[in-house]
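Residue numbers (our numbering), protein chains in the order written: chain Z, 1 to 114; chain E, 1 to 523.
Possibly wrong hints are sitting among the right ones.
To be verified - So the derived list for chain Z, only partly shown, Cβ under 8 Å to chain E, looks like this:
id, residue
1, Trp48
2, Ile76
3, Pro79
4, Arg96
5, Ala97
Claimed, not checked - Cβ pair distances, simulated, as ranges:
id, chain 1, residue 1, chain 2, residue 2, range
6, E, Met133, Z, Ala97, 26 to 34 Å
7, Z, Arg96, E, Val140, 52 to 60 Å
8, E, Ser384, Z, Trp18, 14 to 22 Å
9, Z, Leu23, E, Met133, 37 to 45 Å
10, Z, Trp18, E, Met133, 51 to 59 Å
11, E, Val140, Z, Ile88, 29 to 37 Å
12, E, Ile21, Z, Trp49, 29 to 37 Å
Claimed, not checked - Stretches of chain E that chain Z covers, calculated by requiring three or more beta carbons in the stretch to come under 8 Å of a beta carbon on chain Z:
id, segment
13, 94 to 102
14, 109 to 123
15, 223 to 236
16, 354 to 365
17, 382 to 393
18, 405 to 418
Since the hints were made in silico from the structure, they are not lab data. Model, not experiment: these values are computed from the prediction. Where is the CB? At the ideal position from N, CA and C, for every residue including glycine.
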Amino acid sequence: MSASDLNTPADSTEPIIWDPVFLHARREALVIVLIFTACLAWTIGWCWWDGYNVAVDADAMVPMVFGMPRWVFWGIGVPWLVADVVTIWFCVRLYRADDLSDGEEDPLAEASDA
Amino acid sequence: MHSLLAVADTSSNSALITFAIYIAVVMFLAWCSGRVLKKRNFLSEYFLGSRSLGMWAFAMTFAATSASGGSFIGFPSKVYTHGWVVALWIAGYMIVPLVAMGLLGKRINQLARKSGAITIPDLLRDRFESKAMGMLSIVVIVFFLSFNLVSQFKGGSIILQTLLADVSPYQDAVAGVARLTHGIPMLGSADPGYLICLTVFTLAVVIYTTYGGFRAVVWTDVMQGFVMVAGVAVMLPLAIWMAGGLQSTTEDMSRMTPPNGVKLTLSAAENASQDLTIPKGTWLIRRQSDDAPKARYFRTLAHASIAKGKSATEPLEAIELFLTPSQLENVPSQQASEFNHLTVTVVSVSEPEYGADQPGVYVTAPGPSASDQLGFLPLSLAVSFFFMWTFSSAGQPSNMVRLMAFRDSRTLSRAMITVAIYYSVIYFPLVIIFCCARVVLPGWEGQSDHIMPEMASAISFAIEMPWLAGLLVAAPFAAVMSTLDSFLLMISSAVVRDVYQRQINPMLLRSRSNGSLIWLRCR
């Protein structure tokens, strides 16, 4: 296999033909990094604002939602749920069902079956 | 029939039966996988399942391999010790499926098909056209995964010990091994029960992995993945019920403060007429008196004894607990009263570095810490863990090799959805379960690694279904096994495929390769 997945033409003046799987994978990777950044910003941002160094009241109570500390619910529980929904959206709507099948069996693996 | 029912009615034998059924199913799956192996391209099938994993097999093997002993032993221990902040510690898992599977999955699978790669070193060497890259990756995989194997073996053995502790044939075997290993260097000083469980566990995993290869690992992972989900699904409502509701649990945790480390001595009124042993984990209470305005609660962290003719122990390590009223209700009263005739004298006290005498520390960040002045999870560390969980999963060799094995892109996208849901129903509920454990089982800070099996026992005892303990303990056991078998296969494939076949015997024939694989693995 060549070092890259570019279908490099023999003549360098010809335009490079990119492997569509590579192009799709690159676009999907970019979207995944954006989703990761959003999750990171939401989770860390909210927990920093509402969870760190919080003064508890005289009864040592923190604000709660559904029995959880509020910062856990809004800073971790909700973004986790949203991340699941976004994952489903990404897989159903954005992820391309590329044909990955190619090539031949590795000669060494073939040899082992000879 | 009556005798069988009588046997099954005891919790210890129920645990044994559960374990036996579990191992039998695992072996059966390995046998079925071995039958498939005989009909396919040997190396590709043995190490990669012929790149034909469907959605369920791919998703569950990916998820179960990631969920190791750490998920069911270390993680519950952390939740128990540090409280709600551990939800932030693990929060990166919300995005792990997308990053670990989606970022590189399609390309890894495509490149592996193009080059015929069946191991990660194969793939890296071909992709970068560099033998050095291939060799470096072999060294890294074998070296680092070997360390990880040790902890998984240990974790599996500890769980098995907990499972079999009260089984009489096991106790007889422990006594026999203790006699056999007495006086043998290293072995003699090891816990004989641990040695037995380590041997049994190792044999079980090595046999089914060796015989069935990748497909056996995948099929057992699928089963183990469902066992883990079932364990968590059963424990969650019962734990909340036992703790009196989640709201009540969090309110109670708001009032808790972390324990002090103490050194104390125990003394009796008279010299002991025979040796008196105080086991590790014993509850001790210094009652309210004129000198002490309120009762003090301690739990020992080591065995101690008062020798015959003496009246006091040597100073021993313990923790001093500041219990809430709800926790006090759950202190085992029988144990607490057993050594009440002894006088507790505190020799020294060391407060936790963060959170001492600070109500609310278990329900806010950064959480209590015995050793760090910044608390358990300073903000900078929370950011680091978010990155670490996510991107280290993408580069974890056992995850990468699975990305080479799925059938097509559609399988990958459906598997990502499945794994995302799987992690959500495993990790977040585990935080809730072991926050509840702080109320239900107080005083385990000194041995928090045991909290998972202890909680399983407490739950099955509370609902009077002893057999359930075996099922619940099977969940962490499955987690350890599913990770361990994958690591074993990774290491053996690196040695056989990348060292032996690539460097020594490229024309390895099928009939010989089969024998060679097994021979090399057993070295």
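We went through each hint and held it up to the structure:
1. With a least beta-carbon distance of about 6 Å to chain E, the hint placing Z:Trp48 at the interface is held under the 8 Å criterion.
2. Interface restraint check: Z:Ile76 against chain E, minimum CB-CB distance 5 Å, threshold 8 Å, status holds.
3. Against a cut-off of 8 Å between C-beta atoms, the interface hint on Z:Pro79 holds, since the closest Cβ of chain E lies about 6 Å away.
4. Because the closest C-beta pair between Z:Arg96 and chain E is about 7 Å apart, less than 8 Å, the hint holds.
5. The closest approach between the C-beta of Z:Ala97 and any C-beta of chain E is roughly 4 Å, which is under the 8 Å cut-off, so the hint is satisfied.
6. Taking the beta carbon of each, E:Met133 and Z:Ala97 are about 31 Å apart, inside 26 to 34 Å as hinted.
7. Remark: the range hint 52 to 60 Å for Z:Arg96 to E:Val140 is contradicted by a beta-carbon distance near 32 Å.
8. Range check, E:Ser384 to Z:Trp18: about 35 Å between beta-carbon atoms, so the 14 to 22 Å window is missed.
9. As the Cβ distance of Z:Leu23 to E:Met133 is approximately 25 Å, the hint placing it in 37 to 45 Å is violated.
10. The hint said 51 to 59 Å for the Cβ distance between Z:Trp18 and E:Met133, and at roughly 24 Å that hint is violated.
11. Judged by the Cβ atoms, the range 29 to 37 Å given for E:Val140 and Z:Ile88 holds: they are separated by roughly 35 Å.
12. Look at E:Ile21 against Z:Trp49: about 50 Å separates their beta carbons, and that is not inside 29 to 37 Å.
13. Proximity of the segment 94 to 102 of chain E to chain Z, defined as three or more residues with a beta carbon under 8 Å from a beta carbon of that chain, is established by the 6 residues found.
14. Beta-carbon proximity to chain Z at under 8 Å applies to 10 residues in the segment 109 to 123 of chain E; the threshold of 3 is reached and the given coverage holds.
15. For the segment 223 to 236 of chain E, the stated coverage by chain Z is not satisfied: 0 residues place a CB nearer than 8 Å to a CB of that chain, which falls below the threshold of 3.
16. Requiring three or more residues with a Cβ within less than 8 Å of a Cβ of chain Z, the coverage given for the segment 354 to 365 of chain E holds, as 5 such residues are present.
17. Only residues whose C-beta sits within less than 8 Å of a C-beta in chain Z count toward coverage, and the segment 382 to 393 of chain E has 5 of them, enough to reach three; the restraint holds.
18. Closer than 8 Å: that is the beta-carbon criterion, and the segment 405 to 418 of chain E has 8 residues meeting it against chain Z, so the requirement of 3 holds.
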